[in-house]
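> Listed here are the chains, written in short residue letters.
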Amino acid sequence: MSVEDGVKYVAAAYAIILAVLVAYSVWSARRVSALEREARLLSTEVERRAKA
Amino acid sequence: MSAAPALSGRRQFWALLRKDVVSELRTKEMLISMFLFSMLAMVVFHYAFTATGDIDLSPFTGGMLWAVFVFASLLGLNRSFVHEKDEGCLDGLLLCPVDRVTIFFAKMTGNLIFLGLIQLLAVPVFTVFFVTSGYWADLSTFVAVLVLADIGICVLGTLLATIAMSTRARDLLLPIVFLPLIVPLLIAATAATTEVFSGDVTWATLWGKLAFLLGYDAVFLVAAWGTYDFAIGE
Amino acid sequence: MSAESINEAGATPTTRGKTGWRRLVDVPVLFVAAGVSLVTGLLLVFWVAPEEATMGFPYKILYFHAPIAWCALLGYLVAFVAAILYLRSNDARWDRLGMCGVRLGLVFSLLVMATGMIWGRSSWNVWWSWEPRLTTFLIACLMYCGYFVLRATVEEEERRATFAALFAVIAFINVPITFLSTRVLPGDMQHPSGVVEGGGLVGWMYPAFFVSMVGMTLLFFALLRNDLRVERLKEELAYIKNRLGS
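Protein chains in written order, with the working numbering: chain A, 1 to 52; chain B, 1 to 234; chain C, 1 to 246.
Think of the hints as simulated: they come from the structure by calculation, not from any bench.
It is possible that some hints are incorrect.
Claimed, not checked - Across the chosen pairs, the derived CB separations fall in these ranges:
{"#": "1", "chain 1": "C", "residue 1": "157", "chain 2": "B", "residue 2": "172", "range": "18 to 28 Å"}
{"#": "2", "chain 1": "A", "residue 1": "11", "chain 2": "C", "residue 2": "124", "range": "13 to 23 Å"}
{"#": "3", "chain 1": "C", "residue 1": "43", "chain 2": "B", "residue 2": "208", "range": "16 to 26 Å"}
{"#": "4", "chain 1": "C", "residue 1": "152", "chain 2": "B", "residue 2": "133", "range": "31 to 41 Å"}
What the hints assert, rightly or not - Only pairs whose alpha carbons sit at most 27 Å apart, straight line, appear in this in silico BS3-like list of lysine-lysine:
{"#": "5", "chain 1": "C", "residue 1": "234", "chain 2": "A", "residue 2": "51"}
{"#": "6", "chain 1": "B", "residue 1": "85", "chain 2": "B", "residue 2": "19"}
{"#": "7", "chain 1": "A", "residue 1": "51", "chain 2": "C", "residue 2": "241"}
{"#": "8", "chain 1": "B", "residue 1": "28", "chain 2": "B", "residue 2": "85"}
Here a beta-carbon is modelled for each residue, glycine too, at the ideal position from N, C-alpha and C.
Generate the whole structure from the sequences, applying the supplied hints.
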């Protein structure tokens, strides 16, 4: 097997690893911020109702 | 008025077992279905493998046998809990002062008996269809393999069926959870059975497989013992 | 329920209110540490570590393949321990931990199989070989997918958590059993087996492996904590919405 093929395989493997882990981390972080945003909205709602 | 003395664990076990066996023998629904399924599966296997002409199936006999019985037992395992749950019998049972683990052992033994009955009929048919070499010399070994593998299937199957029956999609769920877990047993039983059917059994290679089956049975028996309260509890 | 408590309910991305070591293991810190470690690892792998004698350049895949496998098993182990703790205490936090552990375990398992297949293709020219490690991860994937199917079919929370915990325990017990059965039992076909064949680690390979292992483990814990936070937030939000709605 030639050197280029070897490099291609290694590159493919690391690319997949990077892609999956980055994608998962990003997705996870976005879930957190979306939920936090919702928490903030709810807390203002709670305040509003407490004052009313 | 004094309460009647509670039955001992052993007598409870026999009572439960008798209940399951007698009620099944009355209708024989499950037994007949499992047996017919086994026959049909064998036919399918024959045609699946002989697409390119008649070939020697001896390397595959172990695999075919256990594929047939693993799938047939799925049928039986589902059924063993279905009417309990549907007719409310299980609730009644749980109200009695019976140890949950006793219920497990009774159910498991019942399933084992049913699987054994099916095999009593289906295995000779299988050997007529597919096995060319004589394995009579190793009959006791073969029976040992059958028994050990059956125990494993029934222990794990009963535990998982208990969980599955309390879910929404019990028929669909049981195969999904059961099959990956039964793979190691399948590997060992297949290897051992193929060796027996090849007519050339060397104890050196076989004992390891039997030991593995025994170990597998023991591990999951202990696991079931420890967790059955959670599986069946309400 | 005050506004502050809703915001405090795990929703803070900063280290507000935390002291000492907890600040150190807060999520952004873990991510950064993991990133640094993994990048260092990559540098070590490609610039420092010598090329492996028998297997050549593709061997470099293993520097990340092995740590990923370790993290997958770690995920399942976390789920196993969490399951036992749940069964003993009935505390929903353990159920959440278990679920996150299984989820991460699955993600890492899929990665293991993907990299394992690429490695297999490069070394033995086959995409799949039924060798013990690969097969065990495949079976584990199938089992733990079943975990999520099980969770989906039970509506009542406590029962769902109990069944999931039970299954996590049984599944984890089955992982070493499966590995044993695939390795020891099948008779004559000798499938190429994994890392050990290559002749072992030499010299500068050690730091590369070690750093990658550390980095991947840090990433695992960062993701785990993040996922836990997500699950906790979801539950608390659902609870709050319930209360607000009523």
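> Any of the earlier hints contradicted here, and which numbers?
3 and 4
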